[in-house]
Amino acid sequence: MQENQHIIELKYLTKYYKGSNVPAIDNINLNIDKGEIYGLLGPNGAGKTTTISILCGLFGPTSGNVFIDGMEFQHSAEKIKSIIGVVPQEIALYPSLTARENLTFFGHLYGLKGKHLKSRINECLELFGLEKNANRRIKTFSGGMKRRINLIAGILHKPKIIYLDEPTVGIDVQSRKVILEHLKNINKEGTTIIYTSHYMEEAENFCSKVAIIDKGNILTEGKPKELIDGKGEYTDLESLFLNITGRALRDE
Amino acid sequence: MLRLLSSIYKELLVLIRDRAGLAILFIMPLVLILIMTVIQDATFRTVKEVNISMILVNNDKDSLGEAISKGLYASEFFQIVEEINGENIDEETAKELIARGDYKIGIIIPERATEAIRGNVNALINKSFKSFNIPGVKKRTKKSTIDVTIYIDPATSNSFKNMVMSSLKEFTSQLEIEMFFKNFSEAMAQLMPGQKPIKFESFETIRYKEVYASTTENEILPNSVQHNVPAWTMFAMFFIVLPLAGNIIKERDDGSAFRLKTMPGSFVMIMFSKIFVFLGVAFLQFILMLMVGVYIMPALGLPQLEIGPHKIALGVMALSSGLAATGYGVAIGTIATTHEQAATFGAVSIIIFAALGGIWVPVYVMPHTIRIISQFSPLHWGLNGFYDIFLRGGDLMVVLAEAGKLLTFFVIMLGVAIVYNNYNKTK
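From first to last, the protein sequence lines are chains A and B. First residue of the first sequence? That's 53 in this note's numbering, and the numbers climb one at a time after it. First residue of the second sequence? That's 8 in this note's numbering, and the numbers climb one at a time after it.
Heads up, some of the hints might be wrong.
What the hints assert, rightly or not - With the C-beta cut set under 7 Å, the calculated list includes, among others, these residues of chain A facing chain B:
| id | residue |
| --- | --- |
| 1 | 111 |
| 2 | 134 |
| 3 | 140 |
| 4 | 142 |
| 5 | 160 |
Claimed, not checked - Heads up, simulated BS3-like pairs for lysine-lysine below, C-alpha to C-alpha not over 30 Å straight-line:
| id | chain 1 | residue 1 | chain 2 | residue 2 |
| --- | --- | --- | --- | --- |
| 6 | A | 131 | B | 257 |
| 7 | A | 267 | B | 432 |
| 8 | A | 240 | A | 229 |
| 9 | B | 432 | A | 86 |
| 10 | B | 134 | B | 189 |
As the list claims (entries may be wrong) - Have a look at the derived ranges for each label pair, beta carbon to beta carbon:
| id | chain 1 | residue 1 | chain 2 | residue 2 | range |
| --- | --- | --- | --- | --- | --- |
| 11 | B | 411 | A | 63 | 49 to 57 Å |
| 12 | A | 184 | B | 25 | 24 to 32 Å |
| 13 | B | 11 | A | 127 | 18 to 26 Å |
| 14 | A | 96 | B | 47 | 56 to 64 Å |
| 15 | A | 184 | B | 408 | 56 to 64 Å |
| 16 | B | 344 | A | 189 | 23 to 31 Å |
| 17 | B | 344 | A | 127 | 25 to 33 Å |
| 18 | B | 11 | A | 189 | 20 to 28 Å |
In short, the hints are calculated from the structure, not lab data. Using N, Cα and C, we set each Cβ at its ideal position, and we do this for glycine too.
Chain A on its own, in the form it takes in the complex (with noise of 0.2 Å):
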């Protein structure tokens, strides 16, 4: 086990699909500090989905390494995934099950139960304005508060690193504001976020530190206001992230 202030470490990471030889991922280094909120910005296409599922153990690299917390999935991938909160941009959830039924689910997935568990879903609920409605099926929620009972069900064992894959597209302002506002707080606790968005705003405000991806390269790393007022002619993030990665129309 490596003892560093790195809890995510991409070693000369590299991805082919099967039958394509361009690399969705091409020999990629990152440290990801513990405690960071770190933003992996790009376009479609640009490799974002490969790393994320790679560092969700989903499947491995062509070539190069992979460690999270110091281990690695080939030795110790029930431990990586004991410590590892996932939060898909689908709503990963059963629509015919209530909120409880279904946290309560994932919860003893993760080793949760009892009166532990119990609470742990009264806390997250009340935390998240959901308490009311923790016994009404999710298929009769609102798009915010599937988002919300979405982002639970990957936060509710208390993870060293919470993935969120775009956690606040298609929701109104005030849900995404409750979302965020606690993700910051979850952070603060010593939770390290990794986090994916094609809003740069939000990114901008968000992340304290930030790559930009791009056709499987990291093309530009650091702290997001670093960023735009080293290269002193952006205002933004967007605009920074348009410059570098160009204005062409994306495809998947």
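Put chain B on the given structure of chain A with help from the hints.
Chain B in isolation, oriented as in the chain A frame:
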């Protein structure tokens, strides 16, 4: 263990809350088994019970016409029609009525048919007693042939046609023997004056006794219900593949599978929870279908299903079949990328397995190559096992081989799903 139990509970909740899906899961197999058994019951009933209408045009008006007519009326297999609206049916009308499909079969006995038989019998007697020059025995040696025409509706089954033909041949042979014996006896009487002609009598020395072979002392009479309930139960149980594969694909489409893969717990654990719940559904379906055979079918005028004494064997077969079906569902759900793929491939492959397995047509009448292929159909193994219990009175030891094949199929299918899932991780 907590993870497995929680996954099972979640699957149960998802299943129970889909009321329409649940109704389809239980009602459709029951409807299927009822309809198929009622329809197929006809093929198991004797022709006597079916009592098919048949046209008889007797232009002979002599011994053969009488013998055939008497034989057909006496057999009670057929409802004989000789006239319509008080008028005798002629050959042209008979042909027309059968061509229209109003009647299945028509027998036209030509004029002088008996005379032809009589002539042939006499020719044989003449040949036999040629050297004795018996007075009274007609000197006729020329053989003649006459056609009894049988008009058949093309939609008539071959077995029914063969049954009619064999009855007609029996009546004709009987008449020929009787005629020969009578003429022979008369010729002998001429040869030996004082010797009285002997009257022909049938000995019936050989009698045919039907015994249904059984591996135990309990003889179960085969009937439509004993044949059809196990066959269609097996077929219906395999359709669990569709909702199970759909469940796996839905979980993948809505992102839940993605979340589950990033959480502690293996793919096998998740699949086992599904198998457990859907196996329960298949087993419940099985019990309901047996209850339909025992309680509902008699109320519809069908024979009652005899479950027999080997309930453990039945349970083992039901569980093995259920596991084979759920294993197949897991494999299809894991490999198929869309609902459409899973539904089409799943349904068609089950129908192929069923056809090969002998659900519609018995395997022993299939061509040699198909008979070999049918040995690899899980529905064939299941059907054989259930027939061992329901028709041959077999016990647990008898069905172990078939149950073993079904369990092996389950293990292979689960293995295919695991290997495919692991392969996907390396793509």
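Do the hints match the structure? See the list:
no.	hint	in the structure
1	111	holds (5 Å)
2	134	holds (5 Å)
3	140	holds (5 Å)
4	142	holds (3 Å)
5	160	holds (4 Å)
6	A:131 x B:257	holds (28 Å)
7	A:267 x B:432	holds (22 Å)
8	A:240 x A:229	holds (17 Å)
9	B:432 x A:86	holds (28 Å)
10	B:134 x B:189	holds (16 Å)
11	B:411 x A:63: 49 to 57 Å	holds (50 Å)
12	A:184 x B:25: 24 to 32 Å	holds (26 Å)
13	B:11 x A:127: 18 to 26 Å	holds (24 Å)
14	A:96 x B:47: 56 to 64 Å	holds (57 Å)
15	A:184 x B:408: 56 to 64 Å	holds (59 Å)
16	B:344 x A:189: 23 to 31 Å	holds (28 Å)
17	B:344 x A:127: 25 to 33 Å	holds (31 Å)
18	B:11 x A:189: 20 to 28 Å	holds (24 Å)
When each numbered hint is compared with the structure, no violation occurs for any of them.
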